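Trainee: This is what each chain is made of:
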Amino acid sequence: DSGVTQTPKHLITATGQRVTLRCSPRSGDLSVYWYQQSLDQGLQFLIHYYNGEERAKGNILERFSAQQFPDLHSELNLSSLELGDSALYFCASSVAGNQGASYGYTFGSGTRLTVV
Amino acid sequence: AQSVTQLDSQVPVFEEAPVELRCNYSSSVSVYLFWYVQYPNQGLQLLLKYLSGSTLVKGINGFEAEFNKSQTSFHLRKPSVHISDTAEYFCAVSISGGSYIPTFGRGTSLIVHP
Chain A
167 DSGVTQTPKH LITATGQRVT LRCSPRSGDL SVYWYQQSLD QGLQFLIHYY NGEERAKGNI
227 LERFSAQQFP DLHSELNLSS LELGDSALYF CASSVAGNQG ASYGYTFGSG TRLTVV
Chain B
1211 AQSVTQLDSQ VPVFEEAPVE LRCNYSSSVS VYLFWYVQYP NQGLQLLLKY LSGSTLVKGI
1271 NGFEAEFNKS QTSFHLRKPS VHISDTAEYF CAVSISGGSY IPTFGRGTSL IVHP
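Taken in sequence, the protein lines are chains A and B.
Numbers given in this note's numbering equal positions in the first sequence, counted from 1, plus 166.
Numbers given in this note's numbering equal positions in the second sequence, counted from 1, plus 1210.
For the record, the hints were derived by calculation from the structure and aren't laboratory data.
Being a predicted model, the structure only gives us computed values, none of them experimental.
Take these hints with a grain of salt, some might be off.
Listed next, the in silico SDA-like pairs over lysine to any residue satisfying Cα-Cα at most 20 Å (straight line) [unchecked claim]:
hint, chain 1, residue 1, chain 2, residue 2
1, B, K1259, A, S168
2, B, K1259, A, Q233
3, B, K1259, A, L205
4, A, K223, B, G1272
5, B, K1259, A, Y269
6, A, K223, B, P1250
7, B, K1259, B, Q1212
8, A, K175, B, N1251
9, B, K1268, B, A1211
10, B, K1279, B, N1251
11, A, K223, B, S1213
12, A, K223, A, S245
13, A, K223, A, T181
14, B, K1259, B, Y1310
15, A, K175, B, Q1252
16, B, K1259, B, G1272
17, B, K1259, B, N1278
18, A, K175, A, S204
19, A, K223, A, L212
20, A, K175, A, L205
21, B, K1268, A, K223
22, A, K223, A, S193
23, A, K223, A, Q233
24, A, K175, B, E1230
25, A, K223, B, Y1249
26, A, K175, B, Q1212
27, A, K223, B, E1230
28, A, K175, B, S1213
29, B, K1259, B, D1295
30, B, K1268, B, H1285
31, B, K1259, B, P1222
32, B, K1268, B, N1251
33, B, K1259, B, I1270
34, A, K223, B, Y1310
35, B, K1279, B, Y1249
36, A, K223, B, I1270
37, B, K1268, A, L205
Pair ranges (Cβ atoms, derived) [stated by the list, open to error]:
hint, chain 1, residue 1, chain 2, residue 2, range
38, B, P1228, A, F235, 46 to 54 Å
39, B, S1240, A, G224, 37 to 45 Å
40, A, R188, B, T1265, 38 to 46 Å
Beta carbons: idealized from backbone N, C-alpha and C, even for Gly.
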């Protein structure tokens, strides 16, 4: 157990639907990062939150959004889902903000999203 | 922007043999370098990292990596692998003092045969 909790582990939904993925960071970590892992794109950075504030955006579609709540858990919202959104979605946490990369990430076990 | 190339998508090896997983990066500035391991149905786990100082970095599970600035490489090695080392290995690079979000390579699947 890495200390980063992601729910649900698996999600199957239809095209056009909306889903919410949840992440609780490791105790003491203020930063949460979301990544998408697919066979064709590899591991792609989506977005970074630090202590409730958005700090960086990567290859995140406009149909996707995220937020980090006062208790530091984070949610990734995916809407108008398409077949191509099927992937593993990982949350990672780190102790710091911008310097978090130098400490390395702690990853959760991911949510496998299947869009049918 | 930085980029990472993992030269081998798959590396088969017999148990107790040595292994090297290759990683090359592209960056014009100083970097931080990482290796992560992903076991089946799990998230990524940090194996080791290079921030500065000694170019030979030792990590968990007997792995080590060497930073070679002139060749812009950060190859991962283990002198004797076990069946349990079968996993996907990812190299990652981030810019020190700059855009701190790591860029990950496409991964190398290490397959250890008995």
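Trainee: Work down the list of hints and note, for each, if the structure agrees.
Mentor: Evaluated hints:
With a C-alpha separation of about 18 Å, the suggested pairing of K1259(B) with S168(A) holds against the 20 Å cut-off. Note on K1259(B) and Q233(A): the hinted pairing is violated, with a Cα-Cα distance of about 29 Å set against a maximum of 20 Å. Distance hint between K1259(B) and L205(A) is unfulfilled; the C-alpha atoms sit about 25 Å from each other, more than 20 Å. Restraint check for K223(A) and G1272(B): not satisfied, since their Cα atoms lie roughly 35 Å apart, outside the 20 Å limit.
Proximity of K1259(B) to Y269(A) is assessed by CA-CA distance (about 8 Å); at most 20 Å being required, the pair is judged to hold. As the CA atoms of K223(A) and P1250(B) are separated by approximately 28 Å, the hinted pair breaks the 20 Å bound. Between the alpha carbons of K1259(B) and Q1212(B) the distance comes to roughly 17 Å, so the proposed pair stays at or under 20 Å and holds. A distance of roughly 10 Å separates the Cα atoms of K175(A) and N1251(B); the hinted pair therefore holds under the 20 Å criterion.
Simply put, K1268(B) and A1211(B) have alpha-carbon atoms about 27 Å apart, too far for the 20 Å limit, and the pair is violated. The hinted pair formed by K1279(B) and N1251(B) fails the criterion: a straight-line CA distance of about 34 Å is larger than 20 Å. A C-alpha spacing of about 17 Å is found between K223(A) and S1213(B), which places the hinted pair at or below 20 Å, so the restraint holds. Proposed proximity of K223(A) and S245(A) is supported: the alpha carbons are some 18 Å apart, at most 20 Å.
Simply put, K223(A) and T181(A) have alpha-carbon atoms about 25 Å apart, too far for the 20 Å limit, and the pair is violated. At roughly 14 Å between alpha-carbon atoms, K1259(B) and Y1310(B) fall within 20 Å of each other, so this suggested pair holds. The straight-line distance between the Cα atoms of K175(A) and Q1252(B) is roughly 10 Å, inside the 20 Å bound, and the hint therefore holds. Annotation: proposed proximity of K1259(B) to G1272(B) holds, straight-line Cα distance about 14 Å (limit 20 Å).
For a cut-off of 20 Å, the pair hint linking K1259(B) to N1278(B) stands: about 14 Å separates their Cα positions. A threshold of 20 Å between alpha carbons decides the hint, and for K175(A) with S204(A) the separation of about 16 Å falls inside it, so the pair holds. Our distance criterion of 20 Å between C-alpha atoms is met by K223(A) and L212(A), whose separation comes to about 6 Å. For the hint linking K175(A) to L205(A), the alpha-carbon distance of about 18 Å falls within 20 Å, and the restraint holds.
Taking the CA atoms of K1268(B) and K223(A), the gap is about 32 Å. The hint is violated against a cut of 20 Å. A distance of roughly 24 Å separates the Cα atoms of K223(A) and S193(A); the hinted pair therefore is violated under the 20 Å criterion. Pair hint K223(A) plus Q233(A) holds up; C-alpha atoms about 12 Å apart against a cutoff of 20 Å. Restraint check for K175(A) and E1230(B): the C-alpha separation of about 33 Å exceeds 20 Å, so the hint is violated.
Simply put, K223(A) and Y1249(B) have alpha-carbon atoms about 27 Å apart, too far for the 20 Å limit, and the pair is violated. The hinted pair formed by K175(A) and Q1212(B) fails the criterion: a straight-line CA distance of about 32 Å is larger than 20 Å. Annotation: proposed proximity of K223(A) to E1230(B) is violated, straight-line Cα distance about 34 Å (limit 20 Å). In summary, the hint linking K175(A) to S1213(B) is not supported, as the alpha carbons are separated by about 30 Å, beyond the 20 Å threshold.
Taking the CA atoms of K1259(B) and D1295(B), the gap is about 18 Å. The hint holds against a cut of 20 Å. Of the supplied pair hints, the one linking K1268(B) and H1285(B) holds, its CA atoms being roughly 12 Å apart against a limit of 20 Å. Distance check on the hinted pair: K1259(B) and P1222(B) sit about 24 Å apart at the alpha-carbon level, beyond 20 Å; violated. A distance of roughly 26 Å separates the Cα atoms of K1268(B) and N1251(B); the hinted pair therefore is violated under the 20 Å criterion.
The hinted pair formed by K1259(B) and I1270(B) meets the criterion: a straight-line CA distance of about 11 Å does not exceed 20 Å. Between K223(A) and Y1310(B) the CA atoms are separated by roughly 12 Å; this keeps the pair inside 20 Å, and the hint holds. Using a Cα cut-off of 20 Å, the hinted pair K1279(B) and Y1249(B) is violated, with the two alpha carbons roughly 29 Å apart. At most 20 Å may separate the alpha-carbon atoms for a hinted pair to count; K223(A) and I1270(B) exceed this at roughly 31 Å.
With a CA separation close to 30 Å, the supplied pair K1268(B) and L205(A) exceeds the 20 Å bound. Remark: the range hint 46 to 54 Å for P1228(B) to F235(A) is upheld by a beta-carbon distance near 47 Å. Between S1240(B) and G224(A), the C-beta spacing of about 21 Å breaks the proposed range 37 to 45 Å. Distance hint check: the CB atoms of R188(A) and T1265(B) are about 40 Å apart, consistent with the given range 38 to 46 Å.
Going down the numbered hints, you'll see the structure goes against 2, 3, 4, 6, 9, 10, 13, 21, 22, 24, 25, 26, 27, 28, 31, 32, 35, 36, 37, 39, while the others check out.
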